[in-house]
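**Q** We have chain R already, so just place chains H and S on it with the hints.
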Amino acid sequence: MNSETQQIAINPTRDDYRIAWLTALAITIHIVESALPSPLPGIKPGLANVITIVVLLMYGWPTAAWVGILRVIVGSLVIGTFLTPTFVLSLSGAVASITVLGIGSKLPGKGLGPVGYCLLASMAHMATQFSVAYLLFIPHDGLFKLLPVLMTASVIFGIVSGLIVNAIMDRLR
Amino acid sequence: MTRADYIVVIFALLLVPFLFTRYWQAPAQGETAEILIGSDKKIEVSLNKDQELNVEGPLGASVIRVHDGKVRFIDSPCRGKQCIHSGWLQHSGDFAACLPNRISVAVLGSKRRYDAINF
Amino acid sequence: MSRRHNGALHASRARGWQSFLHIVVICACMPLLLAACDNDESSLHKARLVAFGTLVDISTWGVNDDTAEQAIAAVEASFNDIDHTWHAWHPSTLTQMEARLAKGEEIELDADKIAFFKKARALSDASDQLFNPAIGKLIALWGFNQDDRPQGPPPEPDAIKALLALHPTMDDLIITDTTLKSSNPAVRLDFGGFAKGFAVDKAIEIMRAHGISNAIVNAGGDLRAIGNHGTRPWHIGIRHPKESGIIASVETGGDESVFTSGTYERFFEYQGVHYHHIIDPRSGYPAKNTLSVTVIHDDAATADAAATAMVVAGPEQWQKIAARMGITKVMLIDNNLTVYMTPAMAKRIHFEIDPPPKVIIGDAT
Numbered sequence: 001m002n003s004e005t006q007q008i009a010i011n012p013t014r015d016d017y018r019i020a021w022l023t024a025l026a027i028t029i030h031i032v033e034s035a036l037p038s039p040l041p042g043i044k045p046g047l048a049n050v051i052t053i054v055v056l057l058m059y060g061w062p063t064a065a066w067v068g069i070l071r072v073i074v075g076s077l078v079i080g081t082f083l084t085p086t087f088v089l090s091l092s093g094a095v096a097s098i099t100v101l102g103i104g105s106k107l108p109g110k111g112l113g114p115v116g117y118c119l120l121a122s123m124a125h126m127a128t129q130f131s132v133a134y135l136l137f138i139p140h141d142g143l144f145k146l147l148p149v150l151m152t153a154s155v156i157f158g159i160v161s162g163l164i165v166n167a168i169m170d171r172l173r
Numbered sequence: 001m002t003r004a005d006y007i008v009v010i011f012a013l014l015l016v017p018f019l020f021t022r023y024w025q026a027p028a029q030g031e032t033a034e035i036l037i038g039s040d041k042k043i044e045v046s047l048n049k050d051q052e053l054n055v056e057g058p059l060g061a062s063v064i065r066v067h068d069g070k071v072r073f074i075d076s077p078c079r080g081k082q083c084i085h086s087g088w089l090q091h092s093g094d095f096a097a098c099l100p101n102r103i104s105v106a107v108l109g110s111k112r113r114y115d116a117i118n119f
Numbered sequence: 001m002s003r004r005h006n007g008a009l010h011a012s013r014a015r016g017w018q019s020f021l022h023i024v025v026i027c028a029c030m031p032l033l034l035a036a037c038d039n040d041e042s043s044l045h046k047a048r049l050v051a052f053g054t055l056v057d058i059s060t061w062g063v064n065d066d067t068a069e070q071a072i073a074a075v076e077a078s079f080n081d082i083d084h085t086w087h088a089w090h091p092s093t094l095t096q097m098e099a100r101l102a103k104g105e106e107i108e109l110d111a112d113k114i115a116f117f118k119k120a121r122a123l124s125d126a127s128d129q130l131f132n133p134a135i136g137k138l139i140a141l142w143g144f145n146q147d148d149r150p151q152g153p154p155p156e157p158d159a160i161k162a163l164l165a166l167h168p169t170m171d172d173l174i175i176t177d178t179t180l181k182s183s184n185p186a187v188r189l190d191f192g193g194f195a196k197g198f199a200v201d202k203a204i205e206i207m208r209a210h211g212i213s214n215a216i217v218n219a220g221g222d223l224r225a226i227g228n229h230g231t232r233p234w235h236i237g238i239r240h241p242k243e244s245g246i247i248a249s250v251e252t253g254g255d256e257s258v259f260t261s262g263t264y265e266r267f268f269e270y271q272g273v274h275y276h277h278i279i280d281p282r283s284g285y286p287a288k289n290t291l292s293v294t295v296i297h298d299d300a301a302t303a304d305a306a307a308t309a310m311v312v313a314g315p316e317q318w319q320k321i322a323a324r325m326g327i328t329k330v331m332l333i334d335n336n337l338t339v340y341m342t343p344a345m346a347k348r349i350h351f352e353i354d355p356p357p358k359v360i361i362g363d364a365t
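Chains as they are written, first to last, in my numbering: chain R, 1 to 173; chain H, 1 to 119; chain S, 1 to 365.
Hint data in this document are derived by calculation from the structure and do not stem from the laboratory.
Be aware that one or more of the hints could be misleading.
[As the list claims (entries may be wrong)] Residues from chain H that face chain S, not an exhaustive set, calculated with beta carbons under 7 Å:
| id | residue |
| --- | --- |
| 1 | Asp75 |
| 2 | Pro77 |
| 3 | Arg79 |
| 4 | Ile84 |
| 5 | His91 |
| 6 | Ala97 |
| 7 | Ser104 |
| 8 | Tyr114 |
| 9 | Asn118 |
| 10 | Phe119 |
Using N, Cα and C, we set each Cβ at its ideal position, and we do this for glycine too.
Next comes chain R alone, as it looks inside the complex:
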């Protein structure tokens, strides 16, 4: 029997365009950052994180979670590291930082600002990456010598990206 196929119209809103555009930007930054030489494995400016936090502040946590995860998955597919140890580290870091952001967004009162979110996300990301690296890949006690350096970097970049987000948000308003 012939039934009329119904057309389901998806009408993207302006926000949808924006989120898609931001996600693409996050992925691009992710890919560019992975090409940067870093003094130690694991130290990256984490600028893609800035996008995630901006999305969090503008569109809420669920959207930010999507952007964060998508960034890692699509980024790794493009670079070619999907399902490699690098990917596992990236993903675990992303999941941890998104989780922490979720908890942070539920705080009472004025809650956290850009700097707080960025710092928390950055530290959670680095700490989780370190733990996964230690537990799964390099269970060597000597690895702990790196931890203070890595966390210092995450704190610095966390604060810097927080200030960047601050600036972006002010411009977007």
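**A** Chains H and S alone, transformed into the frame defined by chain R:
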């Protein structure tokens, strides 16, 4: 910046130095030996550099040699020479003493591993 | 650009810089905050002194340096006092006592000394006389009653037999609340396997009397540890009996003594044979088969005597002796480096060598 922001920042800034003090114990990986003369005079000797020391005690000079990261008594003015028989000391906690001459040598090294050695 | 837009832009820039400035100020203040915090390691005080013919290492935690130093000075005095009283061969109160006891005299002693004798006798009985401080003559026969290493040769079998026949034990002593008498002239007292434990117990009492509840008193490797190192237990390393380095580690809890008796401590070699100082009172010869025994127990005097007794008991009989002496945590290492342990000890010991040794777990039956 909200109040929660400041709390996070302060927490982060306290965490970092804590991590350094916790995980960056010995700046120099080499071990040191501690020579005790009597009950109070202490000399710390690096085991990284080969050397020979004459340490004066009440009976005379005990000769202590450092070689290849190890340390031992080479000569001592005591009768029993127990100190020399103790041989090369290498690991943290190893020690030898010339009790008559009131001189003892102990290897320190990564001293935080054990609070005391039983033997 | 409209003026309002300009103004908003300036305001946002100002807020951005404000945040940045705040963070810079906090960073600058951090060092002050940290300096105010008490560093964990400044609570630890360590001292080393020569006493009792050996090196004594004392650690305290949680008290200021003055208190620690006062307590340590008192401990040093106590060790020296006990050494002068109970030394087996240096002229001491004990050697004076023995001269009189050998003549059959009844001597008067103060309560402390009576307590010492009573405790030594109780431990000797509990160990089935395997810990026997009354065999001083046998020890002298082997040449271990002096500071220097004996040269050998070992004593004649007849001489050993003759001494064994006289059968000196702590039960030959008649101890009242104020007097002491010996009924066997063959008794000569050597408290080597006991006095150190006794001294360490006294040292811990002194620590407590000074208000110190976290400390380790380590007399030449045998120690008692009370309390903990701040937020973590005390970590004790047990030296390998044959090689250099640590064979196992233990974390102490509350109040525990860790005592090891080893056949490598005092010995001589003669014509390729190894003779050590832990004499089996039954055979008159150094105990066979065992390399070392480590005991964990609350009071040090018992731990000291028990470790000595179980070296004599050996891999066959240590469990029986452990049960009789009320010891639940024992580790015996035999000449093949096989480790025998009670289940309670197995829970506490963490081997630090790779590969770990062969372990046989046996209950104290």
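**Q** All hints, please: hold or fail.
**A** Verification of the supplied hints:
{"no.": "1", "hint": "Asp75", "verdict": "violated (17 Å)"}
{"no.": "2", "hint": "Pro77", "verdict": "violated (14 Å)"}
{"no.": "3", "hint": "Arg79", "verdict": "holds (6 Å)"}
{"no.": "4", "hint": "Ile84", "verdict": "violated (11 Å)"}
{"no.": "5", "hint": "His91", "verdict": "holds (5 Å)"}
{"no.": "6", "hint": "Ala97", "verdict": "holds (5 Å)"}
{"no.": "7", "hint": "Ser104", "verdict": "holds (6 Å)"}
{"no.": "8", "hint": "Tyr114", "verdict": "holds (4 Å)"}
{"no.": "9", "hint": "Asn118", "verdict": "holds (5 Å)"}
{"no.": "10", "hint": "Phe119", "verdict": "holds (4 Å)"}
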